[in-house]
Amino acid sequence: MPLLLAAPLLLFMLVFYALPVLSMLMRSVNDPNWTLSHYASLTGDTVFLKVFSNTLYTSLTVTAGALLLGYPVALALVRAPRYAPVILILILLPFWTSVLVRSYAWMVLLGRHGLINEALLAAGMGQPLRILNTPLATQIAMVHILLPYMVLPIANALRQIDPSLARAASGLGATPWATFRQITLPLSMPGVAAGVLLVFVLALGFYITPAMVGGTREITLSMLIAQQVDQLNWAYAATLSVVLLATALAIIAAFYRLPGVGHTLRTSAR
Amino acid sequence: MTVTRVLPAAVVGLILMFLALPIVVVMVVSFSSATYLTFPPPAFGLRWYSAYFASDDWLRSTRLSLWVAASVVVLATLLGTLAALGIARLPKALRVLASALILSPLIVPVIVVAIGIYYAFARYGLVGTPAGLILAHTCLAVPFVVTSVNASLAGIDPRLEQAALSLGATPTGTFFQITLPLIRPGVLVGALFAFITSFDELVVALFISGSGAVTLPRRMWDDLLYQIEPTIAAVSTLTIVLTVVLMGCAHLLGK
Chain A
17 MPLLLAAPLL
27 LFMLVFYALP
37 VLSMLMRSVN
47 DPNWTLSHYA
57 SLTGDTVFLK
67 VFSNTLYTSL
77 TVTAGALLLG
87 YPVALALVRA
97 PRYAPVILIL
107 ILLPFWTSVL
117 VRSYAWMVLL
127 GRHGLINEAL
137 LAAGMGQPLR
147 ILNTPLATQI
157 AMVHILLPYM
167 VLPIANALRQ
177 IDPSLARAAS
187 GLGATPWATF
197 RQITLPLSMP
207 GVAAGVLLVF
217 VLALGFYITP
227 AMVGGTREIT
237 LSMLIAQQVD
247 QLNWAYAATL
257 SVVLLATALA
267 IIAAFYRLPG
277 VGHTLRTSAR
Chain B
2 MTVTRVLPAA
12 VVGLILMFLA
22 LPIVVVMVVS
32 FSSATYLTFP
42 PPAFGLRWYS
52 AYFASDDWLR
62 STRLSLWVAA
72 SVVVLATLLG
82 TLAALGIARL
92 PKALRVLASA
102 LILSPLIVPV
112 IVVAIGIYYA
122 FARYGLVGTP
132 AGLILAHTCL
142 AVPFVVTSVN
152 ASLAGIDPRL
162 EQAALSLGAT
172 PTGTFFQITL
182 PLIRPGVLVG
192 ALFAFITSFD
202 ELVVALFISG
212 SGAVTLPRRM
222 WDDLLYQIEP
232 TIAAVSTLTI
242 VLTVVLMGCA
252 HLLGK
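Just so you know, the protein sequences line up as chains A and B, in that order. In this text, residue positions in the first sequence follow the numbering used here: the first is 17, and each later residue adds one. In this text, residue positions in the second sequence follow the numbering used here: the first is 2, and each later residue adds one.
Nothing false has been slipped in among the hints.
A short list of chain B residues far from chain A (calculated; beta carbon distances all over 10 Å):
no., residue
1, F45
2, R64
3, L65
4, K93
To spell it out: a stretch of chain B is covered by chain A in this simulated footprint if at least three of its residues, at any positions, have a beta carbon under 8 Å from a beta carbon of chain A; those stretches are:
no., segment
5, 14-24
6, 129-139
7, 231-241
Don't read these hints as lab results, they were simulated from the structure. For each residue, glycine too, the CB sits at the ideal point set by N, CA and C.
Model the full assembly from the supplied sequences, consistent with the hints where possible.
Encoded structure:
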């Protein structure tokens, strides 16, 4: 009976999702016949190596940026209950807006005649900065888009810290900074790890934002995959897809071994 | 007020401005009277909204996106709710396996899902059809329905169902009179998420909407390749309002 209830969805997902994706991925090992040559040739493939390291580098910088901006916001969300509703709305409104619209917003802001350049020119800068269609534009827009994924798990971990610990520390003479460094920060680490995991893994697969604001010189793995499909290079696209998927899964597996990460992720779902 | 208190507040304020700024700018630009994209607008007007409502292409894509999203809601909510009810009662090994399949679209990079679906749907003859979009978007939307219904199922006291059964209610009667009313908020939240997942979806649509089923995000993308004219700002503002209202409902329901 329980299996009967789940069967329609399981069959649906097998036919329209799992088998399509798997049969595509199989092209990496059975095109034209069984072979591992597509993977073997990756090690000497300078285009792949450059794109792959660029993708990892972008994900790393975006994760670092999101952590730097996200931690203070999470702290404010938990510590300043009077402003919490306003802060939450300011985090959730962009979060609920589609990635396409937010990437478009950054095109408007960063363009040659965008808000940033008009402001700089008005402030006396000689000529407009070239930000749009550079890796910097991708990084700024991705930090913006992924920031909520960092803030929410960290806020969740901070909320679970027993407030009497901080009171005890300051009662024993610790300065606010020492209390933060020795009590709050270590106890919030599961949230930090969960946020870092979410942002890094999501950043790895980003396609729309780098394609819209990042220009064509420094592309990401997702963009390379899309290009290869356009040229009907299915074996190469499938091989790159397996690399992308395996990288994401390896990072998830590594982070899940850290204490508290699984719990924080499950309880931040809401 | 000392520096140690004002400084952190100022930093957080700046970060929150960074979060809100792009959305605000798009909304302001959409009311620009200029024929090209510039900020701040020289004057305000509704010309880009009239341009949107006067364009058959934009309206056709809007109708298609709404129709596809509504179909996805029906399909994903029905399949997802049934599956959530079933999975909760499966033996552990099967439950883990079934959940892994259903939740995997949340983890697999969307470009991989998109090209996999394109690869197969091209053979099924589903590329360029609304049906193809509905089937693909349902797979992406289902994880949200299942997790949301699961969360409400976990909050149900099992004694309520036991009490109904021991008082002589049939399993079907128990489901409709006890279980379904209790999980209704979860089902509704899942349905709202399913709608937005489909309505905002672009990557899969880039590959499978062809020229026969151009969704709203797909048309925005195509237009952006040529010029960033303010019609897109007007369309963006309309979709922001729609999704924020729906997500706000979901947020309040989920409380």
